[in-house]
Structures are given as C-alpha cells and as structure tokens.
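In order, the protein sequence lines correspond to chains X and V.
Just so you know, we're using the numbering used here here: the first sequence kicks off at 1 and counts up by one.
Just so you know, we're using the numbering used here here: the second sequence kicks off at 1 and counts up by one.
Any given hint could turn out to be false.
Selected chain V positions facing chain X (in silico; Cβ < 7 Å) [unchecked claim]:
{"id": "1", "residue": "1"}
{"id": "2", "residue": "108"}
{"id": "3", "residue": "112"}
{"id": "4", "residue": "320"}
Here are the computed lysine to any residue pairs in the SDA-like style, where the Cα-Cα straight-line distance is at most 25 Å [unchecked claim]:
{"id": "5", "chain 1": "X", "residue 1": "140", "chain 2": "V", "residue 2": "12"}
{"id": "6", "chain 1": "X", "residue 1": "121", "chain 2": "V", "residue 2": "313"}
{"id": "7", "chain 1": "X", "residue 1": "140", "chain 2": "V", "residue 2": "359"}
{"id": "8", "chain 1": "V", "residue 1": "3", "chain 2": "X", "residue 2": "110"}
{"id": "9", "chain 1": "V", "residue 1": "324", "chain 2": "X", "residue 2": "85"}
{"id": "10", "chain 1": "V", "residue 1": "7", "chain 2": "X", "residue 2": "115"}
{"id": "11", "chain 1": "V", "residue 1": "3", "chain 2": "X", "residue 2": "116"}
{"id": "12", "chain 1": "X", "residue 1": "140", "chain 2": "V", "residue 2": "14"}
{"id": "13", "chain 1": "V", "residue 1": "324", "chain 2": "X", "residue 2": "122"}
{"id": "14", "chain 1": "X", "residue 1": "122", "chain 2": "X", "residue 2": "103"}
{"id": "15", "chain 1": "V", "residue 1": "324", "chain 2": "X", "residue 2": "110"}
{"id": "16", "chain 1": "X", "residue 1": "123", "chain 2": "V", "residue 2": "2"}
{"id": "17", "chain 1": "X", "residue 1": "140", "chain 2": "V", "residue 2": "89"}
{"id": "18", "chain 1": "X", "residue 1": "140", "chain 2": "X", "residue 2": "163"}
{"id": "19", "chain 1": "V", "residue 1": "7", "chain 2": "X", "residue 2": "110"}
Just so you know, these hints were derived from the structure itself, not from any lab.
Just so it is clear, CB atoms sit at the ideal spot from N, CA and C, and this is done for glycine as well.
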Amino acid sequence: MPLINIEKMIKRYPIGGREFTALNEIDLQFERGEFCGLIGPSGSGKTTLLNIIGSLDVPSEGRITVLGKGVEGLSAQEAARLRREHMGFIFQTYNLLPVYSVFENIEFPLLLMHMGSRERKKKVINALEWVGLSDKTDSKPAQLSGGEAQRVAIARAMVKQPELVLADEPTANLDADNSYNILKMMSRLNEELKTTFIFATHDEKVIGYLKRKIFLIDGRVAKDETVN
Amino acid sequence: MIKFLIKGLIRDRSRSLFPVLIVAAGVFLMVFLYSWMQGVMGDMVSSNAQFNTGHVKIMTRAYEELAQQRPNDLAILGVNKVLEQMRNSEEKMIWTPRTHFGGLLDIPDENGETRTQGPVMGLAVDLLSQNSPEIKILNLTKALVKGKLPQQKNEILISEEFAQELGIQLGAQATLISSTMNGAMATHNFTIAGTVCFGITAMDKGAIIVGIKDIQAALDMPDGAGEIVGYSKNMLYDERAMKELTQNFNENYSRADDEFSPVMVSLREQNGLAEYLDVARSRVNVIIFIFLLAMSIVLWNSGLMNNLRRYGEIGVRLAMGEPKGSLYRYMIYESIFIGFIGSILGTLLGLAISYYFQYRGFDMGYLMKSSTMLISNVMRARVTETSYVIGFVPGLFAPTLGAIMAGIGIYRRQTAQLFKELEV
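Okay, chain X solo, but in the shape it has when bound (with noise of 0.2 Å):
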C-alpha cells in the first residue's frame, strides 16, 4: 500500500465570482522512503497539492489517502493528529519561533505529542547532533544565520522521524553552499531515517538531488520520473 495515493483529485478555488482551477485530474502514488519533488513554475499548483498531502487543505473532487486515511473526510481535529503524529513541515522562511531557543523550538512538536521530559531531551539532542548544531542549543533564531536557522527547521521537522517530511521551497532563502549542505543533510535522512521527503520547488540545485521529479504545469502533471 502506497504512502500516499492520489486519485484523479481535483481542486478549485472561487476567485472574484469565479472558480479558478489550482488542481486538475490528479493522480499520483508516493511510497515509503521516496525523496521526490513536486516541480513547476509559480501557480503551477505545486504549494496547493502540498498542502492537501499535508492535511492543511482538501480537495474539491477526487480522493486523497495519506497514511491509509482519507484526508478529504478528516475532521480538524483528526487533521491536526496527522499532522502532529505523522508529519514534519519545512518553511521557505524558516518560521522558527523568535522567543523560544533552538532547543526549545526543536522540542516543540514533541511537547504536542505529550511526550516526557527526558525522552524529550533526548530526542532533540538527537535531532541536534543530525543537523550539526550541538553548539548552538541555547541560541536564539535571530543569532543564527540563514543555513542554521533552516537546520533548525529541518531537526524540528525530524525530531519526531515522522513518516513524511513535506518541504516548500526549503532552499529559496539560501545561497548555493547552505543549500548544498542542507540538502545533502535531507538527502542523508531520508536514507538514514527512512523518511519520505516531497519538495514543493522550482529551485536547480534541489531539482538536481531528486530521486523523484513530478513536474506540475498548470495544475496537471505534465511528467513523472524516477531518477536511478
């Protein structure tokens, strides 16, 4: 059974008085482990089926099954489960929370689960030790630069090693070394950890690290293939 299984999905929005179709006749399947882009150009629809695989959003037609759950019958409540239990999210800006530290940003998705203190402990100094930041445990956002903050990110989406890592243009913000070492630092997870990874970009140096690129033109996959 696939990871997700996307079946001729389809997703409008009402835009002045009129529908506008982000999504058309989607259908994909993402395994286990996969390390995959979704890749188009802006309002090709990439960011709108990440969200939907995310649980953030819902189709208008068609179904959607993450995790052997129907994301288009899940309440808020049920959504917000799958995200906490089963997914990691990476931000284009980063989105860490200014007034917290590194450590506790990275602890957070954990305190969310009800997780225990020393467990918690534990998997953050893990998480730490993957992206390389030990050293900056007490530091705050504002004090790292761009590639930390993004690792910071990245530990915070894997501090749980959930099933799907879902990042939207992860490098946009990062010069070409950071995204070099970023992406080999998610690449190194995903095969690591088992991870599956879906990239929302349009960025070269991410395109280039894909094992999976589903380029999206105008809402419709327009080209699927696997890189051996």
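We have chain X already, so just place chain V on it with the hints.
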C-alpha cells in the same frame, strides 16, 4: 506545554509587557477618572450640606418659599422645643439650629468712628453649647487660621481674607449693622476671636461665624432660628433615608393651611439641587460610559491586533498539529492573564493616585475667585467600592473579547491560508 507557553509569553515583551502596560494605563485612567468624578460630585454635595442645606432642613413653610432671600422675619420660633423633639424622635440624626443673615460689618477706629466697613454674609450657629456638633460639622478647628474659637458671648470668627481686607486684628471690635426679624434696624458689637479659611470662595470672601444666641439677641429673635439642619450621624447623605424622614415629618407636622407650620426638605429639594444633581450625575455617568466604551474599544483593539499579528506563529503551530481548539483556548487564557495582571496593576495605581487626591486634593481656587457657589476650592477624588472593580470592565473583558474575535477569525480561516501567510 503550559510552562512552555508561559515561558514564551514572558520572553515576548510585545505579547506580555506591552499589552500589560497598555491595559494597566487604560485601567488606571478609568479608575482615576471614575474616582475623580465621584469626588467632584460628592464634594459639591458635602459642601452644600456642610454650610447650607444639611442633609435635611426644617423651616417654616413661609420661609421655605422664600428661602433664597433668607427671610428671618419668617424664622422658626420656639426652636429649643423643636430641637428637643427632633433629638428625641430622630436619634440617628444630628440636629442643630442656624440662622443666615446679611448686613454691614463696621470697623471703628480708636474714637469709635467708622474706619472701614464691608458687606458681610453671616452664619449663626451653636458655638458655645457643650455638645455642639457645629465645630465638627463646619470643621472649624481645621479652618481656624489665627486666634481661637469663640468661647464667650459676642465672640465671632471672620474669614481670613475678609479680615485682611478690612485690616482687622484679633480682639478688635466689629459692629454688625443689620435688621431685626421685625424689620427694625439692628446693631450689635462683636469681638474678633479668630480668623478662618474654609477653602470655599463664597465663604472666604466675606463671612462671619457668630454664636446663635448672640444673633438671636442681635436680631431680636428670642428662641428663633432661620432653620434647623439635620445630618445623619455618619455624615453620609443617604437620599432614600432622608426622603423617608422628610415624608414622615411633613405628614405629622406640616400643615398646608398654616404658613408658619414647620416643613422639612431634604438636600436634594433645596436650591434647585435636585435638577442640578440629576443633570450632573447623568453627565458624569455619560462621561464615564463614553470613557469606558472608548477604553474598551482601545483595549479590545489591542487584544485583537496582538493576536492577529501572531498569524505566523499560529500558522506554524497549526501546521505542527496543534488543534485549533487548544490554540484558541491558550489565546483566550493568555488574554485573561494579561488583562487580569494589567487590571490589577492599573487598579492599584488608579487607587493610589485617587487616594492621594482624596486626601490632598487639587486646589482650583485660582479659577474660582468670583464664585458664589458653595463648592470647595480643593477638588478631591473619592474612592468608592466601584473604583475597585470598574477598571476590570475594560481591562479584563475588552482584551479577552479581542482575543475571542481574533480566534474566530483564525477558526474561520482555512488552515492552508494561515500556512500560506507564513510564506512572506
């Protein structure tokens, strides 16, 4: 989780310190304005009661009709009997006779010729009786500037400002030229025992305080007095009780067909004070309501904006799987916490400043030099039970309402929209 959120709240000054300061400032202004308005209203009532109206006043019906003219020819006679009866029947009240009079105060030179003179407004009160309540009611000990309180017949107190104007010294003789209650000319010699200042322009411009027995002799009104004033023993004006008292008295003693029968009126019923008090009270209430509303809108808006500007944080928390309900609850708890702390601080500050102005007051005498109204020059705040709680209305409820409305906005907005708003 709660510990984690409190940590964030304390560290983020824009979510904790600044909203607390805004709420505290708003609440402080509310508490102080309310107490100040109560004080000004209360001062007006108590000044009038103290020097003029009493809490209730007994006069003859004829005197009451022309009360503004102080017609001593229509004064009550047999005052001692009435006083005794009132003291026996209304033990919760203090009763004391008074006569207001006017005339000229003539200051002679060493040859007994007029050196200077001036129009005088006089108040005759019971100064020499052992249990006279007037020293306390008129606050004479505190008002005394020079000399002593009258201790013998024909000793009087004169307002300090008037004494200076007339160039009169303590112990000097002064002749009152007035008219008797029968309309004949009256002259009477007095000795200046002391000078007083009441802090009320109308009293300080040209007043003398005379013993009631002396004025009875001077104005040829034996056992007579213009009026008998009554005060509740705690000196607090209770409108309902006074209304009841006057109704009972008038039903028993006042006769419509006898213009010299006694009539009792309450403070509200004198000098147009009823209308004045009603208008003033409703204006004060309107001012307080408008201020309360304005402050509530400011604090509501502050609560709303504080939460709306946290879209970013809220989006991240939702994306990580925090349920909307839990997020909403924390937002409201946070607002209640901020509102509560701000309200307590604002109320404490408001009460402290109000208490300061209750005891020290704010002298506005320089603005009231030509005032003839019995209003104290020193405006004071007055802390009441409501002062303790009124600040909590805007302080606690308005920011919470703001948070509730911001939360509804978050509830109604698609999670994806919040998520999208993160991508600045």
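Inset, instruction - Please name the hints from earlier in the document that this structure breaks, with their numbers sorted from lowest to highest. - result: 2, 3, 7, 13, 17 and 18
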